[in-house]
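The lines below spell out each chain.
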Amino acid sequence: MNQKTKERPLPRPSPESQHFWDGTKAGELRLQKCGDCGKTYFPPRPFCPSCSSRNVSIFAASGKATLYSYVISHLPMPGFDGPHAVAVVTLDEGPRMMTNIVDCDQTPEALVLDMPLEVSFARQNDDITLPLFKPAS
Amino acid sequence: MKHQHVAVVGAAETTEMGVIPGMTELQLHADAGLNALADAGLTVADIDGIACAGVAPDVLASYMGIQPTWIDGTHIGGSSFMLHVRHAMAAIQAGHCKTIIITHGESGRSAVGAAGFPEFFAGRLGGEFEVPYGAHLPPTMFTIPVLRYLKEFDLTTEDLAQVAVAQRKWAALNPRATFKDPLTVDDVMNSKMIAYPFTLLMCCLRTDGGGALILTSADRAKDFPRPPVYILGTGESCEGPMISQLEDYTTSRAFRVAGQTAFTEAGIERADIDHVMIYDAFAHVPLYGLEDLGFCKPGEAAGLVKDGHTSPGGKLPTNTNGGGLSYMHSGMYGMYAMQESVRQIRGIAPAQVPDAKISIALGIGGMFSVSGAIIFGNELP
Chain C
95 MNQKTKERPL
105 PRPSPESQHF
115 WDGTKAGELR
125 LQKCGDCGKT
135 YFPPRPFCPS
145 CSSRNVSIFA
155 ASGKATLYSY
165 VISHLPMPGF
175 DGPHAVAVVT
185 LDEGPRMMTN
195 IVDCDQTPEA
205 LVLDMPLEVS
215 FARQNDDITL
225 PLFKPAS
Chain G
120 MKHQHVAVVG
130 AAETTEMGVI
140 PGMTELQLHA
150 DAGLNALADA
160 GLTVADIDGI
170 ACAGVAPDVL
180 ASYMGIQPTW
190 IDGTHIGGSS
200 FMLHVRHAMA
210 AIQAGHCKTI
220 IITHGESGRS
230 AVGAAGFPEF
240 FAGRLGGEFE
250 VPYGAHLPPT
260 MFTIPVLRYL
270 KEFDLTTEDL
280 AQVAVAQRKW
290 AALNPRATFK
300 DPLTVDDVMN
310 SKMIAYPFTL
320 LMCCLRTDGG
330 GALILTSADR
340 AKDFPRPPVY
350 ILGTGESCEG
360 PMISQLEDYT
370 TSRAFRVAGQ
380 TAFTEAGIER
390 ADIDHVMIYD
400 AFAHVPLYGL
410 EDLGFCKPGE
420 AAGLVKDGHT
430 SPGGKLPTNT
440 NGGGLSYMHS
450 GMYGMYAMQE
460 SVRQIRGIAP
470 AQVPDAKISI
480 ALGIGGMFSV
490 SGAIIFGNEL
500 P
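Chains as they are written, first to last, in my numbering: chain C, 95 to 231; chain G, 120 to 500.
If you are wondering where the hints come from, they were derived from the structure by calculation, not from laboratory data. No experiment lies behind these values; they were computed from the predicted model shown. Backbone N, C-alpha and C define an ideal beta-carbon position, used for all residues, glycine too. There's no promise every hint is true.
Claimed, not checked - Lysine-lysine pairs mimicking BS3-like chemistry, simulated, CA-CA at most 27 Å apart:
#, chain 1, residue 1, chain 2, residue 2
1, C, Lys228, G, Lys270
2, G, Lys311, C, Lys100
3, G, Lys416, G, Lys476
4, G, Lys270, C, Lys158
What the hints assert, rightly or not - Computed Cβ-Cβ distance ranges for the label pairs, DEER-style:
#, chain 1, residue 1, chain 2, residue 2, range
5, G, Asn309, C, Leu104, 35 to 41 Å
6, G, Lys299, C, Pro143, 42 to 48 Å
7, C, Asp130, G, Gly427, 49 to 55 Å
8, G, Glu271, C, Glu110, 31 to 37 Å
9, G, Lys434, C, Ser156, 47 to 53 Å
10, C, Pro140, G, Gln379, 30 to 36 Å
11, C, Pro140, G, Arg339, 48 to 54 Å
12, G, Ala213, C, Thr201, 54 to 60 Å
As the list claims (entries may be wrong) - Just so you have them, the derived chain G footprint on chain C, three or more residues with Cβ under 8 Å:
#, stretch
13, 105-112
14, 185-197
Can you build the whole structure from these sequences, using the hints too?
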């Protein structure tokens with residue numbers, strides 16, 4: 095990673111993940127579900143990691159989640175000013191996802207495990223919109 | 120085990136340890152390798168198998184003058200060397216080669232000719248789904264599970280600090296340790312915040328160094344200058360490099376599988392273990408390791424540490440070189456854990472555990488991605 099840039103490093107969509115980033119751009123958090131065993135999974139891939147079936151489909155998730163764990167990083171990170179939470183959330187549909195928590199103080203007092211969250215789409219450029227999360231309204 | 124046993128007949132670390140600005144990473148491998156050869160009374164002409172990580176094995180073979188018939192370049196981060204030992208054992212048993220050198224060298228602090236921390240983009244989903252959120256270095260990746268762990272077991276950040284305090288007690292007995300001054304829980308809690316809840320003294324060092332092992336079959340092992348250290352059991356497994364995708368933040372599946380496999384292979388019980396080494400890039404990892412190896416129930420490891428059981432004089436002496444938190448940590452620590460296991464079984468460790476006969480070294484690499492476990496003993500079963 096280029097530490098000299100002031101911008102946060104952005105994802106590079108792949109053939110297997112393009113649908114996910116098309117989704118965030120369109121305001122949808124897209125997950126995948128297996129048509130055979132019913133497993134809902136993330137990150138994207140064109141087959142089921144539970145039963146190896148290629149019979150999988152893409153759907154828009156609710157965007158609801160809870161806070162599973164996090165650290166508050168005091169290390170310099172391009173695109174962030176000062177301490178920032180690097181968080182993992184559990185989506186209501188089951189999968190977990192790395193993200194940041196926005197519209198919330200970046201303190202242990204404000205960031206309480208299991209607190210309800212909802213997705214907040216953060217446009218970075220014409221191609222990339224990141225799925226961040228904020229306290230549920 | 121039906122197969123011929125395998126033993127460590129040479130073991131050594133680099134001549135210097137800590138800050139070594141005058142040596143490339145490649146030379147650190149060679150320096151450790153030459154020291155291990157001398158320890159075994161061998162030269163490169165006696166070596167027909169090579170394994171290393173960080174530096175590619177063909178690069179090192181050429182540099183050292185080794186002409187191998189067996190090569191292993193398994194590179195899965197900090198526990199690469201545990202996997203090398205396991206693979207080397209199988210290779211010797213299969214007759215692919217007779218005498219294997221496993222090396223590690225890393226210019227983790229001085230960065231002289233160093234590979235450095237791997238990029239997380241091409242071919243790695245973490246580059247796409249974790250790095251953009253700030254999970255880009257070990258302190259913001261390896262650490263993420265711990266708040267969930269503490270909550271589930273009703274523990275506090277002081278329980279993490281106790282790990283650093285306990286290991287410093289061992290480091291104080293080790294002249295080669297980077298940090299030897301006594302620590303208190305307050306010292307640890309009040310040190311600089313790196314990634315809440317981890318303060319600086321809950322994080323490993325960044326140092327330069329290396330180590331090497333030489334393995335051969337047990338029937339040849341008695342002919343070497345040092346008493347053989349037998350490989351009693353081995354295990355390996357992986358869960359994956361994406362910290363966000365681990366199935367349960369209170370335990371490591373890779374630890375559990377690798378550890379259980381090693382115990383099953385050795386045919387011993389937890390109570391047979393005299394000495395424990397657990398990879399400690401951060402203060403929580405030994406807690407996971409003690410629980411996932413089955414030395415206590417989930418959530419009980421912090422109590423073991425707090426009550427002094429892992430400290431000098433305790434019933435479960437753990438990380439007796441001072442560990443990555445106080446001894447040294449060049450980036451991939453697993454080799455140093457095994458070096459200490461071998462020293463303890465040989466009876467020559469600076470902080471020697473009285474009558475240590477069986478030791479386990481548990482490694483992890485790529486955060487909680489890949490684990491290797493090796494059980495060493497002073498006698499054939």
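These are the hints, each one checked on the structure:
{"no.": "1", "hint": "C/Lys228 / G/Lys270", "in the structure": "holds, 21 Å"}
{"no.": "2", "hint": "G/Lys311 / C/Lys100", "in the structure": "holds, 24 Å"}
{"no.": "3", "hint": "G/Lys416 / G/Lys476", "in the structure": "holds, 24 Å"}
{"no.": "4", "hint": "G/Lys270 / C/Lys158", "in the structure": "holds, 22 Å"}
{"no.": "5", "hint": "G/Asn309 / C/Leu104: 35 to 41 Å", "in the structure": "holds, 37 Å"}
{"no.": "6", "hint": "G/Lys299 / C/Pro143: 42 to 48 Å", "in the structure": "holds, 47 Å"}
{"no.": "7", "hint": "C/Asp130 / G/Gly427: 49 to 55 Å", "in the structure": "holds, 53 Å"}
{"no.": "8", "hint": "G/Glu271 / C/Glu110: 31 to 37 Å", "in the structure": "holds, 33 Å"}
{"no.": "9", "hint": "G/Lys434 / C/Ser156: 47 to 53 Å", "in the structure": "holds, 50 Å"}
{"no.": "10", "hint": "C/Pro140 / G/Gln379: 30 to 36 Å", "in the structure": "holds, 33 Å"}
{"no.": "11", "hint": "C/Pro140 / G/Arg339: 48 to 54 Å", "in the structure": "holds, 51 Å"}
{"no.": "12", "hint": "G/Ala213 / C/Thr201: 54 to 60 Å", "in the structure": "holds, 57 Å"}
{"no.": "13", "hint": "105-112", "in the structure": "holds (count 5)"}
{"no.": "14", "hint": "185-197", "in the structure": "holds (count 5)"}
Against the hints set out earlier in the document, no violation occurs for any number.
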